[in-house]
Amino acid sequence: MMKLNRRDFLKVSVGTTGLLLLGSPKQAYAHDSPSQSSWGVLVDTTKCVGCWWCYAACKHSHHLPETIQPDPENPPELNSDVWTTLATRQEGNQWLYAKRQCMHCVYPACVTACPVGALQKTAEGPVIYDANKCFGCRYCMVACPFGVPDFEWEDPTPWVRKCDFCADRLAEGLAPSCVDACPNGALKFGNRDELLAEAKERIAGASKKYVDHVYGEKEAGGTSWLYITGFPIDKMGFPSLDSEPVTVNTQRAMGAVPPVLLGVAATMAGIYWFYKRRDKMSQIKTNKKEASG
Amino acid sequence: MQKKRSFPIGTSILSALVVLGLAVMIYRFINGLGAISNLSDGRPWGLWISFDLYCGVALAAGGFTLAGAVYIFRLEKYHTVVRPAILTAFLGYTLVILALLVDLGQPWYIWHIMINWNVHSPLFEVGMCVMTYTLVLALEFSPVVFEGLNRSNLPVVKRINWRVPWRIIRTIQIPLVIAGVVLSTLHQSSLGSMLLMMPTALHALWYSPILPVLFLLSAIAVGPAMVIFESTLSTRIFGHKLDIDILGGLAKVIPYILGLYLLLKLFELMAVGEIGLIFTAYPYNLLWWGEIIIGVILPIILFSLPDVRRSRNAVFVTSILVIIGLMFNRFNVSMLALGMRPGYIYFPHWMEFAVSIGLVADALLVVWLAYRFLPIIQHEETAEVKA
Numbered sequence: 023m024m025k026l027n028r029r030d031f032l033k034v035s036v037g038t039t040g041l042l043l044l045g046s047p048k049q050a051y052a053h054d055s056p057s058q059s060s061w062g063v064l065v066d067t068t069k070c071v072g073c074w075w076c077y078a079a080c081k082h083s084h085h086l087p088e089t090i091q092p093d094p095e096n097p098p099e100l101n102s103d104v105w106t107t108l109a110t111r112q113e114g115n116q117w118l119y120a121k122r123q124c125m126h127c128v129y130p131a132c133v134t135a136c137p138v139g140a141l142q143k144t145a146e147g148p149v150i151y152d153a154n155k156c157f158g159c160r161y162c163m164v165a166c167p168f169g170v171p172d173f174e175w176e177d178p179t180p181w182v183r184k185c186d187f188c189a190d191r192l193a194e195g196l197a198p199s200c201v202d203a204c205p206n207g208a209l210k211f212g213n214r215d216e217l218l219a220e221a222k223e224r225i226a227g228a229s230k231k232y233v234d235h236v237y238g239e240k241e242a243g244g245t246s247w248l249y250i251t252g253f254p255i256d257k258m259g260f261p262s263l264d265s266e267p268v269t270v271n272t273q274r275a276m277g278a279v280p281p282v283l284l285g286v287a288a289t290m291a292g293i294y295w296f297y298k299r300r301d302k303m304s305q306i307k308t309n310k311k312e313a314s315g
Numbered sequence: 020m021q022k023k024r025s026f027p028i029g030t031s032i033l034s035a036l037v038v039l040g041l042a043v044m045i046y047r048f049i050n051g052l053g054a055i056s057n058l059s060d061g062r063p064w065g066l067w068i069s070f071d072l073y074c075g076v077a078l079a080a081g082g083f084t085l086a087g088a089v090y091i092f093r094l095e096k097y098h099t100v101v102r103p104a105i106l107t108a109f110l111g112y113t114l115v116i117l118a119l120l121v122d123l124g125q126p127w128y129i130w131h132i133m134i135n136w137n138v139h140s141p142l143f144e145v146g147m148c149v150m151t152y153t154l155v156l157a158l159e160f161s162p163v164v165f166e167g168l169n170r171s172n173l174p175v176v177k178r179i180n181w182r183v184p185w186r187i188i189r190t191i192q193i194p195l196v197i198a199g200v201v202l203s204t205l206h207q208s209s210l211g212s213m214l215l216m217m218p219t220a221l222h223a224l225w226y227s228p229i230l231p232v233l234f235l236l237s238a239i240a241v242g243p244a245m246v247i248f249e250s251t252l253s254t255r256i257f258g259h260k261l262d263i264d265i266l267g268g269l270a271k272v273i274p275y276i277l278g279l280y281l282l283l284k285l286f287e288l289m290a291v292g293e294i295g296l297i298f299t300a301y302p303y304n305l306l307w308w309g310e311i312i313i314g315v316i317l318p319i320i321l322f323s324l325p326d327v328r329r330s331r332n333a334v335f336v337t338s339i340l341v342i343i344g345l346m347f348n349r350f351n352v353s354m355l356a357l358g359m360r361p362g363y364i365y366f367p368h369w370m371e372f373a374v375s376i377g378l379v380a381d382a383l384l385v386v387w388l389a390y391r392f393l394p395i396i397q398h399e400e401t402a403e404v405k406a
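Residue numbers (our numbering), protein chains in the order written: chain D, 23 to 315; chain L, 20 to 406.
What the hints contain is simulated information worked out from the structure, not anything from laboratory work. Treat each hint with caution, since some may be false.
Stated by the list, open to error - With a cut-off of at most 27 angstroms between alpha-carbon atoms, the simulated DSSO-like pairs for lysine-lysine come out as follows:
#1 D:K310 to L:K96
#2 D:K307 to L:K96
#3 D:K81 to D:K210
The structure presented is a predicted model; accordingly, all values stated were derived computationally and were not measured.
Work out the full structure, taking the sequences as your base and the hints as a guide.
Given below as structure tokens:
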């Protein structure tokens, strides 16, 4: 049997339903296409020793409440007070770590989802959040394919919280505080394209040490944060994602809104006119009949 | 007389539920959402989004389907049920907005959506359409209120000529109805577009690029079913009879819409080669079969039988099947088959139920008051239209 993928099916189904109008996929998310010179961070998990300094530095620079020294057996999850943490896993007597924070997607689902535009992808790379616009609908949290944005559940005036890539530090020419804090070179800040090239070089240079995959190069259309690992990263709870941005189908459907609006309005007006006229004509007919009869 | 006496017992239960819901809401605004709900970072949306938003908006579709049928397609036969349909739609949308005021983190900033537009967001569209359409429904229903005021003997009220605003609304009635159909088409489908953002989280049995179309079709199908359901109930409570011809006529359209819905759904699954999931994807396939059998296949069969369409009880019961099936579908796509973040389980807190139930009780009380005091069923407009 002929097998189509979802996109092909959409193209086929448009003819049948006549309700969705297509733009080309590129157009569909062109409005937030990335700047070529945007910032990124390369995470090399083989160099991470699990010191949690990134975690502490993040708490400090964002004035988040301090908590006790994290325990690798029970690492803190991302939440409104934890914007970066380590995913941990014990293999034999060795601990594996993978830093978790917002991935700063190239095509961020949260930015498309937010009804009030409180989340924005800046040209420099960070996906930033403006609490002055947010009203707490939490669609960003549901839409994020990496499960990153978190909510202040216990607060009567709650906001959404997540890593902001230290956007204000970047604006001053500084690296993110977690990168500055890392003592072992597991985090490297720089131009995303250059970091991607470097990631591939590192893998090529030590192919036994690394899994041959740069996580974040293509996942969900690419992310500003890139990972190279010595273990399959999905073992650490990182989702396996398509290279297509998760926003594509939504953007296509939303592109159909203006034509559907006009089309339905015109059709309804036309139908109204048609039936009104039909009733009028039959009225005239019966009147004539009565007159002649 | 007995009926009149028995209902106030119902109203006092409803009032108690409303008060309980209000108490929970007050508690929520002091202690935060975490205190009254089992929502979490892994389950940011729960009962209120699934029941009040997703089911609520779809079940209020009777307003635009009936208004469209009567005023645009000129199916005069259904004139008597337009007013109840518009009233319940208006109350449904009010309920949706009230529920969102509880669900939103900071509802006092809800006006932000009117100044900070993100036209790429399906939720922006849903929000704008729901607000505008609620206003449209209020205007569509307002002639009934003016008629009621016109008859009343209250001191100041009776001096005002309520015919004036009544005529103004009547002259813009057709544009209002068309606006209602357009706004409904847009936001009923956009509720489906919202889910398109979750290609990995929403189970493949439900995820499909044609979700917006499926959402619109199922809403159009449940519209007449809701009208059958609530007009049958109101005739039982208030004692007036509704022509079986009207109920049967509404029932007759439903199989066509549901049939198209089912075909599209199956065709999409076949086209992407995932039709096998309906047998293999245990336990999710049980949810899928549940909503399809209850809400689609059974109603198609039953409503196609002339004997069913001639029986008030059978039409009533079958319309309930359509409604349950639709709610089943909306719960599947927005809760049961939507694994927002792995490793989290969710069952609503009792206070989440209290809020939702309190809001439904609210709406039922208003319906009861409206039937008592406003000319919902016998109205004078038909005479006016012909004149």
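Are the Cα atoms of D:K307 and L:K96 separated by 27 angstroms or less? holds, 21 angstroms
Decide if the proposed pair is consistent with the structure: D:K81 and D:K210, CA atoms, cutoff 27 angstroms inclusive. holds, 19 angstroms
Given the hinted pair D:K310 and L:K96, is their alpha-carbon gap at most 27 angstroms? OK: D:K310 and L:K96 at ~25 angstroms, within 27 angstroms.
Taken one by one, the earlier hints all hold for this structure without exception.
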